[in-house]
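**Student:** As you go down the protein sequences, you meet chains A, B and C in turn.
Position 145 of the first sequence, counted from 1, bears residue number 145 in the working numbering, the numbering being contiguous throughout.
Position 227 of the second sequence, counted from 1, bears residue number 227 in the working numbering, the numbering being contiguous throughout.
Position 24 of the third sequence, counted from 1, bears residue number 24 in the working numbering, the numbering being contiguous throughout.
No lab work stands behind these hints: they were computed from the structure.
Careful: at least some of the hints might be erroneous.
Claimed, not checked - Non-contacting residues of chain B with respect to chain C, defined by C-beta distances greater than 10 Å in every case (computed): (1) Trp26; (2) Leu33; (3) Ala156.
Stated by the list, open to error - Pair by pair, the computed Cβ-Cβ distance ranges are: (4) A/Lys193 x B/Glu35: 18 to 24 Å; (5) A/His82 x B/Leu21: 46 to 52 Å; (6) B/Ala34 x A/Lys193: 23 to 29 Å; (7) A/Gly109 x B/Arg69: 53 to 59 Å; (8) A/Gly256 x B/Val4: 42 to 48 Å; (9) A/Ser130 x B/Leu13: 33 to 39 Å; (10) B/Glu35 x A/His82: 45 to 51 Å; (11) B/Arg151 x C/Ala260: 31 to 37 Å; (12) C/Ala13 x B/Val4: 46 to 52 Å.
These figures come from a predicted structure and were not determined experimentally.
Every residue, glycine too, gets a C-beta built ideally from N, C-alpha and C.
The chain contents come next:
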Amino acid sequence: MLRPFSRLSRLSPLSRWAVSRRALSRWTVALPVALALGLSGCGSSEPAGPAAAPTGGARQAKELTVFAAASLTGTFTDLGKHFEAAHPGTSVKFNFGSSATLAQQIAQGAPADVFAAASPATMKTVTDASLAASPTTFVRNKLEIAVPKDNPAKVDDLQDLTDPKVKVALCAEQVPCGAAAVKALDAAGLKVKPVTLEQDVKATLTKVELGEVDAALVYRTDVIASAGKVQGIAFPEADKAINDYPIAALAKAPAGDLAKQFVDLVLSPQGKDVLTKAGFEGP
Amino acid sequence: MLLVPALAGLAFLVLPLAGLLVRAPWSTLPARLAEPYVLEALRLSLVTATVATAMSLLLGVPLAWLLARVDFPGRRLVRALVTVPLVLPPVVGGVALLLVLGRRGLIGQWLESAFGITLPFTTAGVVVAEAFVAMPFLVISVEGALRAADRRYEEAAATLGASRWTVFRRVTLPMVMPGVVAGAVLCWARALGEFGATITFAGNFPGTTRTMPLAVYLALETEPEAAIVLSLVLLAVSVVILAGLRDRWVSAP
Amino acid sequence: MTLHARLVVTRPAFTLDIALDVRAGEVVALLGPNGAGKTTALRALAGLVALSKGEIVLDGHPLHTLAPEQRPIGMVFQNYLLFPHLSALDNVAFGPRCQGASKAEARRTAAALLERVGLADRAAARPRQLSGGQAQRVALARALAVRPELLLLDEPLAALDAHTRLEVRSELRRHLADFGGATVLVTHDPLDAMVLADRLVVIENGAIVQQGAPAEVARHPRTDYVARLVGLNLYRGVADGTRVKAGELLLHTSEHLDGAAFVAFPPAAVALYRSRPDGSPRNLWQARIDGIERHGDNVRVHLEGPVTAFADITPAAVADLDLTPGQTIWASVKATETHAYPA
Numbered sequence: 001m002l003r004p005f006s007r008l009s010r011l012s013p014l015s016r017w018a019v020s021r022r023a024l025s026r027w028t029v030a031l032p033v034a035l036a037l038g039l040s041g042c043g044s045s046e047p048a049g050p051a052a053a054p055t056g057g058a059r060q061a062k063e064l065t066v067f068a069a070a071s072l073t074g075t076f077t078d079l080g081k082h083f084e085a086a087h088p089g090t091s092v093k094f095n096f097g098s099s100a101t102l103a104q105q106i107a108q109g110a111p112a113d114v115f116a117a118a119s120p121a122t123m124k125t126v127t128d129a130s131l132a133a134s135p136t137t138f139v140r141n142k143l144e145i146a147v148p149k150d151n152p153a154k155v156d157d158l159q160d161l162t163d164p165k166v167k168v169a170l171c172a173e174q175v176p177c178g179a180a181a182v183k184a185l186d187a188a189g190l191k192v193k194p195v196t197l198e199q200d201v202k203a204t205l206t207k208v209e210l211g212e213v214d215a216a217l218v219y220r221t222d223v224i225a226s227a228g229k230v231q232g233i234a235f236p237e238a239d240k241a242i243n244d245y246p247i248a249a250l251a252k253a254p255a256g257d258l259a260k261q262f263v264d265l266v267l268s269p270q271g272k273d274v275l276t277k278a279g280f281e282g283p
Numbered sequence: 001m002l003l004v005p006a007l008a009g010l011a012f013l014v015l016p017l018a019g020l021l022v023r024a025p026w027s028t029l030p031a032r033l034a035e036p037y038v039l040e041a042l043r044l045s046l047v048t049a050t051v052a053t054a055m056s057l058l059l060g061v062p063l064a065w066l067l068a069r070v071d072f073p074g075r076r077l078v079r080a081l082v083t084v085p086l087v088l089p090p091v092v093g094g095v096a097l098l099l100v101l102g103r104r105g106l107i108g109q110w111l112e113s114a115f116g117i118t119l120p121f122t123t124a125g126v127v128v129a130e131a132f133v134a135m136p137f138l139v140i141s142v143e144g145a146l147r148a149a150d151r152r153y154e155e156a157a158a159t160l161g162a163s164r165w166t167v168f169r170r171v172t173l174p175m176v177m178p179g180v181v182a183g184a185v186l187c188w189a190r191a192l193g194e195f196g197a198t199i200t201f202a203g204n205f206p207g208t209t210r211t212m213p214l215a216v217y218l219a220l221e222t223e224p225e226a227a228i229v230l231s232l233v234l235l236a237v238s239v240v241i242l243a244g245l246r247d248r249w250v251s252a253p
Numbered sequence: 001m002t003l004h005a006r007l008v009v010t011r012p013a014f015t016l017d018i019a020l021d022v023r024a025g026e027v028v029a030l031l032g033p034n035g036a037g038k039t040t041a042l043r044a045l046a047g048l049v050a051l052s053k054g055e056i057v058l059d060g061h062p063l064h065t066l067a068p069e070q071r072p073i074g075m076v077f078q079n080y081l082l083f084p085h086l087s088a089l090d091n092v093a094f095g096p097r098c099q100g101a102s103k104a105e106a107r108r109t110a111a112a113l114l115e116r117v118g119l120a121d122r123a124a125a126r127p128r129q130l131s132g133g134q135a136q137r138v139a140l141a142r143a144l145a146v147r148p149e150l151l152l153l154d155e156p157l158a159a160l161d162a163h164t165r166l167e168v169r170s171e172l173r174r175h176l177a178d179f180g181g182a183t184v185l186v187t188h189d190p191l192d193a194m195v196l197a198d199r200l201v202v203i204e205n206g207a208i209v210q211q212g213a214p215a216e217v218a219r220h221p222r223t224d225y226v227a228r229l230v231g232l233n234l235y236r237g238v239a240d241g242t243r244v245k246a247g248e249l250l251l252h253t254s255e256h257l258d259g260a261a262f263v264a265f266p267p268a269a270v271a272l273y274r275s276r277p278d279g280s281p282r283n284l285w286q287a288r289i290d291g292i293e294r295h296g297d298n299v300r301v302h303l304e305g306p307v308t309a310f311a312d313i314t315p316a317a318v319a320d321l322d323l324t325p326g327q328t329i330w331a332s333v334k335a336t337e338t339h340a341y342p343a
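Given these sequences and hints, build the entire structure.
**Tutor:** Here is the structure:
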């Protein structure tokens, strides 16, 4: 039993694989490897799963876990610091990610206290499962046209995106920014053929930053967060596709009252101030 | 002694797959499979993974030969560089590809102005992204086989008047064929599952760049059940193809 | 097709430096202990090892400037190195194909050669399906298929068992006799060398220590290695008429010589006695038995004393004399059984 083991251990796993025809009879090994590789593609860019959330233990003491949409990363991190300052001994942990993914994690039992989603639809997943009651809309986000700094395609308005020579990136319909884009374009009665449907708003923005596309529809907050790397162009139809961001303390919140207090902070004038500075609009 | 960790390892690898099977929405499975976007993504995945593997063979086998057979300064460094895509997060690999082959990239810029070729958001771009991530598997596998191969056969061929190219084609290559096949299969499997580099470099559009893993990821956003179905399809197809290849190659002399 | 070569290969701990001339049709065997450099010499001739210095000239054309594949050589390797993925026929056809023959033409040539080595019926077999003797013959056919001007054989019989070896050796001798070019073969087996070669070149530590016709080398060994190979006791000494002073022993010989000389005699010529024999033969010395072993039908006794010597005696004599290691006995050799020649 030991002999083959020591022989193999001299070679790297891959070269061992390659050296002999006998390796080919080891498909039983190869298959799970291949499959694991296949699935790792998804895993690698997914946000941290439930396992990444804090577990049990010190939770009763003073730990608050907030699941929030990726577009809230900057503002909520700030608010978390305010909250910790106002509640000494409390620490706030965030799990930022795609709202849909977060909603599923909560539905699968992830130990979260607060959920802030980028769309009512994703919040609905959680309320439907009776995991939260009465969410409140705390901000609204508007789409803007993002173009590279030098605006090579000379895009001025939504109409320009229909030009087949203009390369456009949109978010996929399955994610909130994509749903909003569809709504806005429908409202304008325009048909745009994008070259890509990105998996989230950050990826869409990256394509603009790198100049791979001439224009994209992203949130106004993302344009502001890009700190000048892209140029934002407001358009009137954006008002027809405003994204409501609901927030709710979760029914099974392990941190109990702290969850409600955090929601209150977000809804307070102080919270509003932080959010407005980042480009969000009040509800 | 070894059996317990071996079985634990097997369980670790196989149980998640079992989870997929258990949770699969069997009742709605036929209806979901019949949806055109499933077949479209599957076809695209198979075609791009296969072309990416062909491209990897074309470029990777000579590269493996160079690393295994030609002594040049800095060979160790080059070998390390070849494995970079293995450790690089695929998304970063995709960004790197954009920086080089994108519309404003070092080479991409020139490709567009000289030939009017743009790779991002095209099926060719998917192939490039998949080959970038998957080729190291092939190179490492073939290089290992070349190093393990008995070079005296190549000398024998040389004394019979065979040029370097003939030696490679008629002696070296047939002798390392098992390694090439193993490497190509690994490469193909990796390309089939490629997600990060593909979505970053080639984007995501049905029919041109939305491969199965991308479809799975997007389905997860709204319809986890559909994602499971898509994953099962990917799984079934790879099992069938890999098992088929195995029979073909094990019966070969 | 005359080969003229001076081969110098310098390695960190070893230098090969030999001159080699082989006439057309001649078979020269490079004989030597392991590590002497004989295989290196052969590989240098083939171009598989680069010369540090020297030249290889075949029929007035320099060879050492050419890559292996451009040299008009055929080589049979020690383990034959038949391509495992090709049939016997395609192995033999490989060379002609490389020389530009069409597939059909190359296969015709190969089939004819396989026929010649008696393997027409094994043409379709893969190398691993061939016996050792068959593989050796395919390897020879493959080397001859390129119609070489210089044939190189590296330990052509070493991989064979004793019985097959006997058969293949005589067959190989016949094929080598038919071959018109120069042949260089490497072996560490004196019998192979004696049977196959017209001339022996003995190499030790990278240099030639002796060369000549097999019979000549066998009769007049000049190093301990050659003496052991041909089975003679050999001493170097100083001759004065019919006496040669070898170490502490004065040996009487039948030849007249003066100056540095070798004295050789076969182990069978040594007689052993428990006590000093009567009549006192002229070459007599006292020795200690260092070891006793079987040697063919006889027993070989290792003797230590004024000279180291081997004595071959019959098993019956061992019993009669009641020989045991460590024992001291008397040894003698008749002057007429010794052979002295200038060193």
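**Student:** A separate judgement is required for each hint: does it hold in the structure or not?
**Tutor:** Hints and how they fare:
1. Trp26: For B/Trp26, whose nearest Cβ neighbour in chain C is about 47 Å away, the distance exceeds 10 Å, so it holds.
2. Leu33: At roughly 42 Å from the nearest Cβ of chain C, B/Leu33 sits farther out than 10 Å, so the non-interface label holds.
3. Ala156: violated, 4 Å
4. A/Lys193 x B/Glu35: 18 to 24 Å: This hint holds: roughly 22 Å between Cβ atoms.
5. A/His82 x B/Leu21: 46 to 52 Å: Distance hint for A/His82, B/Leu21 holds at roughly 47 Å.
6. B/Ala34 x A/Lys193: 23 to 29 Å: Distance hint for B/Ala34, A/Lys193 holds at roughly 26 Å.
7. A/Gly109 x B/Arg69: 53 to 59 Å: holds, 56 Å
8. A/Gly256 x B/Val4: 42 to 48 Å: Since the Cβ atoms of A/Gly256 and B/Val4 sit about 43 Å apart, the hinted range of 42 to 48 Å holds.
9. A/Ser130 x B/Leu13: 33 to 39 Å: holds, 36 Å
10. B/Glu35 x A/His82: 45 to 51 Å: Holds: the Cβ-Cβ distance is about 47 Å, inside 45 to 51 Å.
11. B/Arg151 x C/Ala260: 31 to 37 Å: violated, 47 Å
12. C/Ala13 x B/Val4: 46 to 52 Å: Holds, since C/Ala13 and B/Val4 (Cβ atoms, about 50 Å apart) stay within the stated range.
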